[in-house]
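Taking the hints into account, I'd like the entire structure generated from these sequences.
There are 2 protein chains.
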Amino acid sequence: MKMLVADDDRDLRELIGFTLSQAGYLVVKAGDGPDAVRLFEAESPDLVVLDINMPGASGFQVCEAIRKRSRVPVIMLTVRGEEEDLVRALDLGADDYLTKPFSPRTLLARIKALLRRAGMENSAPLSAGRLSLDIDEHTVRIGEAAPVRLTRLELRLLQMLVANAGHTVSTDRLLIQVWGRREGTDRQLLKQLVHRLRQKIESDPTTPQLLQTAAGAGYKLIIA
Amino acid sequence: MKMLVADDDRDLRELIGFTLSQAGYLVVKAGDGPDAVRLFEAESPDLVVLDINMPGASGFQVCEAIRKRSRVPVIMLTVRGEEEDLVRALDLGADDYLTKPFSPRTLLARIKALLRRAGMENSAPLSAGRLSLDIDEHTVRIGEAAPVRLTRLELRLLQMLVANAGHTVSTDRLLIQVWGRREGTDRQLLKQLVHRLRQKIESDPTTPQLLQTAAGAGYKLIIA
DNA sequence: GCTGCCCGTAACCGCTTTATAACCGCCCCG
DNA sequence: CGGGGCGGTTATAAAGCGGTTACGGGCAGC
Numbered sequence: 009m010k011m012l013v014a015d016d017d018r019d020l021r022e023l024i025g026f027t028l029s030q031a032g033y034l035v036v037k038a039g040d041g042p043d044a045v046r047l048f049e050a051e052s053p054d055l056v057v058l059d060i061n062m063p064g065a066s067g068f069q070v071c072e073a074i075r076k077r078s079r080v081p082v083i084m085l086t087v088r089g090e091e092e093d094l095v096r097a098l099d100l101g102a103d104d105y106l107t108k109p110f111s112p113r114t115l116l117a118r119i120k121a122l123l124r125r126a127g128m129e130n131s132a133p134l135s136a137g138r139l140s141l142d143i144d145e146h147t148v149r150i151g152e153a154a155p156v157r158l159t160r161l162e163l164r165l166l167q168m169l170v171a172n173a174g175h176t177v178s179t180d181r182l183l184i185q186v187w188g189r190r191e192g193t194d195r196q197l198l199k200q201l202v203h204r205l206r207q208k209i210e211s212d213p214t215t216p217q218l219l220q221t222a223a224g225a226g227y228k229l230i231i232a
Numbered sequence: 009m010k011m012l013v014a015d016d017d018r019d020l021r022e023l024i025g026f027t028l029s030q031a032g033y034l035v036v037k038a039g040d041g042p043d044a045v046r047l048f049e050a051e052s053p054d055l056v057v058l059d060i061n062m063p064g065a066s067g068f069q070v071c072e073a074i075r076k077r078s079r080v081p082v083i084m085l086t087v088r089g090e091e092e093d094l095v096r097a098l099d100l101g102a103d104d105y106l107t108k109p110f111s112p113r114t115l116l117a118r119i120k121a122l123l124r125r126a127g128m129e130n131s132a133p134l135s136a137g138r139l140s141l142d143i144d145e146h147t148v149r150i151g152e153a154a155p156v157r158l159t160r161l162e163l164r165l166l167q168m169l170v171a172n173a174g175h176t177v178s179t180d181r182l183l184i185q186v187w188g189r190r191e192g193t194d195r196q197l198l199k200q201l202v203h204r205l206r207q208k209i210e211s212d213p214t215t216p217q218l219l220q221t222a223a224g225a226g227y228k229l230i231i232a
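Read top to bottom, the protein sequences are chains A and B. Under our numbering, think of the first position of the first sequence as 9, with each following residue one higher. Under our numbering, think of the first position of the second sequence as 9, with each following residue one higher.
Each hint should be verified, as a subset may be incorrect.
Given that identical chains are not distinguished, each listed pair holds provided it fits within a single copy or across any two copies.
DSBU-like, lysine-lysine: derived pairs with alpha carbons at most 30 Å apart [to be verified]: (1) K228 - K37; (2) K37 - K120; (3) K10 - K120; (4) K228 - K208.
Quick caveat, the hints were computed from the structure, so don't treat them as lab data.
Here's what the structure looks like:
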């Protein structure tokens with residue numbers, strides 16, 4: 009999730025940026041109005057935090073420009089407690105409005121509420137070690153490599169392993185999770201599925217580094 | 009548009025009620041927590057204004073109860089300026105949080121912003137990347153090209169995709185959104201609809217640039 | 001009643017995914 | 001030493017999925 013922070017106050021900009029980074033978001037920073045608009049178009053962020061008082065173009069103008077082409081969530085900031093500003097900001101299409109000073113916790117809480125309302129809180133990628141799983145996209149990423157597409161079953165298997173990263177998951181539990189309780193040839197299916205998954209995520213599938221076998225017990229995901 | 013106002017302070021309740029009535033909304037009033045829950049279930053309001061300090065059941069409890077069964081927009085009020093309360097309220101699923109005293113204008117502005125975000129106000133032109141959707145006109149525009157007319161189903165499909173632009177939307181969600189849950193041949197319907205939509209919006213329908221398939225997962229709109 | 005559009009239904013194709021089966025090597029254990 | 005169980009690998013068959021074409025019924029407007 010990428011967010012644009014636009015504020016001419018360098019300290020505050022860095023503070024907000026740091027807060028958002030800590031919360032697991034990618035951050036793009038702008039120091040003035042035109043910069044904000046340019047970065048918005050270049051980066052297509054998923055949310056914008058916008059100061060009203062900025063050189064070049066006021067936050068109002070930036071907000072207006074953004075709303076002409078996008079419904080992205082916008083939170084506006086101001087030092088003044090003027091009601092006029094609040095009404096104007098929200099009328100221009102902003103979603104929320106905070107008066108400085110505010111605490112990082114407050115900002116984060118409001119951002120989360122807004123993302124939830126905008127229906128973007130999902131697709132929070134599960135991750136374990138260098139591995140991050142995107143359930144919606146059916147992809148997994150190892151380190152900075154390009155995402156790898158997973159099939160339905162591969163996704164369910166890996167989801168189970170990631171959820172229990174570092175611990176062995178018994179074959180029985182895996183079978184139940186992935187296929188939903190069956191008998192007979194199931195052991196074979198799991199064998200096959202693990203093999204195919206290894207081909208996709210291991211750099212050398214013959215000597216697994218991530219998806220290791222716990223002989224007689226099950227499989228486990230190694231968190232590096 | 010019907011709104012529920014829950015506050016044990018009679019004067020404030022009436023003031024808020026009056027403000028909302030003036031703005032053209034229907035208002036239902038509750039004086040305590042249990043009353044609020046009961047009225048919520050009976051009246052199915054489109055938005056809830058909820059005081060935190062109430063006899064019977066606190067605003068938190070009421071909010072929790074509401075969120076168990078509905079995603080209706082909720083704005084919470086408090087006399088205290090405690091950050092704890094704000095974080096807790098928003099974590100419980102509230103959408104906004106106001107500290108008393110506040111002016112009617114502020115409340116109205118925030119309500120409007122929230123309704124807009126919740127998509128309960130019409131004629132908000134959606135757009136994503138070079139693509140902009142006009143719900144009222146049933147048209148879509150790609151870049152500067154002439155608007156293309158869409159059918160009812162095509163519009164709903166594209167609306168869903170635009171709302172989640174850049175992210176994969178599962179076939180299930182699309183089916184529910186466009187047709188409203190059915191069985192049997194549904195997969196075929198979506199296949200068809202996507203095909204027809206591509207004919208209209210893709211410059212080369214055989215190699216989609218905008219409406220791409222996420223195999224085994226769903227479809228996604230690419231934001232250029 | 002004719003025409004054109006919308007949309008549901010079906011059939012076909014090529015490709016991917018999943019199921020089934022067979023074979024291999026290994027280790028444990030009598 | 002020789003099964004037998006287990007896990008890995010390879011091969012092949014079956015099922016499913018997505019794209020495409022075609023057809024027909026319903027309905028509005030002329």
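Comparing the hints with the structure gives:
no., hint, in the structure
1, K228 - K37, "between (40 Å within a copy, 27 Å between copies)"
2, K37 - K120, "both (19 Å within a copy, 29 Å between copies)"
3, K10 - K120, "both (13 Å within a copy, 26 Å between copies)"
4, K228 - K208, "both (16 Å within a copy, 23 Å between copies)"
Of the numbered hints given earlier, the model fails none.
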